[in-house]
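Engineer: What follows is each chain in one-letter form.
Protein chains: 6
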Amino acid sequence: MPVITVDGPKLSKEQKTELVKSITKAASEIIKLPEQAFIVLIQEREMDNVGVGGVLLSDKKTS
Amino acid sequence: MPVITVDGPKLSKEQKTELVKSITKAASEIIKLPEQAFIVLIQEREMDNVGVGGVLLSDKKTS
Amino acid sequence: MPVITVDGPKLSKEQKTELVKSITKAASEIIKLPEQAFIVLIQEREMDNVGVGGVLLSDKKTS
Amino acid sequence: MPVITVDGPKLSKEQKTELVKSITKAASEIIKLPEQAFIVLIQEREMDNVGVGGVLLSDKKTS
Amino acid sequence: MPVITVDGPKLSKEQKTELVKSITKAASEIIKLPEQAFIVLIQEREMDNVGVGGVLLSDKKTS
Amino acid sequence: MPVITVDGPKLSKEQKTELVKSITKAASEIIKLPEQAFIVLIQEREMDNVGVGGVLLSDKKTS
Numbered sequence: 001m002p003v004i005t006v007d008g009p010k011l012s013k014e015q016k017t018e019l020v021k022s023i024t025k026a027a028s029e030i031i032k033l034p035e036q037a038f039i040v041l042i043q044e045r046e047m048d049n050v051g052v053g054g055v056l057l058s059d060k061k062t063s
Numbered sequence: 001m002p003v004i005t006v007d008g009p010k011l012s013k014e015q016k017t018e019l020v021k022s023i024t025k026a027a028s029e030i031i032k033l034p035e036q037a038f039i040v041l042i043q044e045r046e047m048d049n050v051g052v053g054g055v056l057l058s059d060k061k062t063s
Numbered sequence: 001m002p003v004i005t006v007d008g009p010k011l012s013k014e015q016k017t018e019l020v021k022s023i024t025k026a027a028s029e030i031i032k033l034p035e036q037a038f039i040v041l042i043q044e045r046e047m048d049n050v051g052v053g054g055v056l057l058s059d060k061k062t063s
Numbered sequence: 001m002p003v004i005t006v007d008g009p010k011l012s013k014e015q016k017t018e019l020v021k022s023i024t025k026a027a028s029e030i031i032k033l034p035e036q037a038f039i040v041l042i043q044e045r046e047m048d049n050v051g052v053g054g055v056l057l058s059d060k061k062t063s
Numbered sequence: 001m002p003v004i005t006v007d008g009p010k011l012s013k014e015q016k017t018e019l020v021k022s023i024t025k026a027a028s029e030i031i032k033l034p035e036q037a038f039i040v041l042i043q044e045r046e047m048d049n050v051g052v053g054g055v056l057l058s059d060k061k062t063s
Numbered sequence: 001m002p003v004i005t006v007d008g009p010k011l012s013k014e015q016k017t018e019l020v021k022s023i024t025k026a027a028s029e030i031i032k033l034p035e036q037a038f039i040v041l042i043q044e045r046e047m048d049n050v051g052v053g054g055v056l057l058s059d060k061k062t063s
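Chains as they are written, first to last, in UniProt numbering: chain X, 1 to 63; chain F, 1 to 63; chain Z, 1 to 63; chain U, 1 to 63; chain P, 1 to 63; chain L, 1 to 63.
Chain X with its partners taken away, still in its complex shape:
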């Protein structure tokens, strides 16, 4: 039943497969719950929709 959300950049299908596998395995071993109990939600977010230090990532990239 643990729910892990990863909010980050666009990823390829291969990266998503690997990400879900690795994070579930690591969390399962540490939290001591079976891998089957874990849900991972991937949220891909455009650089226009993330601000760091008051500036959009998409504006930082153009500088």
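These are computed hints drawn from the structure, not numbers from a lab. Only true hints are included.
Which copy? The list can't say, so a pair holds if one copy fits it or any two copies do.
Dumping the calculated DSSO-like pairs for lysine-lysine here, alpha-carbon to alpha-carbon at most 30 Å:
hint, residue 1, residue 2
1, 13, 25
2, 32, 60
3, 10, 21
4, 25, 10
5, 32, 13
6, 60, 13
7, 25, 60
For this one, chain X is given, so just place chains F, Z, U, P and L on it according to the hints.
Structural biologist: This is chains F, Z, U, P and L only, laid out in the frame that chain X set:
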């Protein structure tokens, strides 16, 4: 002011209308706050972006 | 695998039992996935930690 | 390290730039952490995916 | 109906009052929706429950 | 800037230290962003506040 988020698969407009109506009604009766106070946010997530038990849903579907 | 989050006021154990049962049943019927696939997360939030219209709920209550 | 999420309607690039700048500045001054520590995530949500008072926003608009 | 979540450190009541007021005002002006439509949820998180760069904030503080 | 949220059971300080370290390392390698850019938020949730299949975890445990 309660905020209910439903993170799940793609839904039709009819399913969304029904989902918001039913969940708001049920929650309003149990929490004892007027329906008008409830906000429901629907998050439709691609099967590429959900992992269960360390495997992407989109990979499970192809097996 | 749908994950439903309810962010609202403090609830009794009985309210939580009822809320999880009703919302899961309603969502399962509409989304057409088995009840067993649904996870509900309840987030109880203090009135000091919610603002509506620019004012904390805890300040509205004292007026 | 504070993470601020804004879940609302579609915004222009100019609105996003301004939103991230203003909210980060306000929060930084009040929380007393440097602006550089703040992350803002913008979630644009379709009116089909928001319910208020048991009704989808997209249905309210057509009335 | 926009929902703004602020996930950060422990705050005083005065800081929360000010935070909700300032952020709602700023967001209302930019998004062009009335202040009354905005909900702000404050999530206070212990330094044991935040990791930056792979290290808990509570461990960084002791160094 | 990726933000990873882990919503699960109560954890010891040692588990949290290890969880943040492992997940950040795994995600950093796959997403190809420096570990320093990752934030991990741990949300410990009581068994009274999680429902699976329409039943609270705290009720499942007593059976």
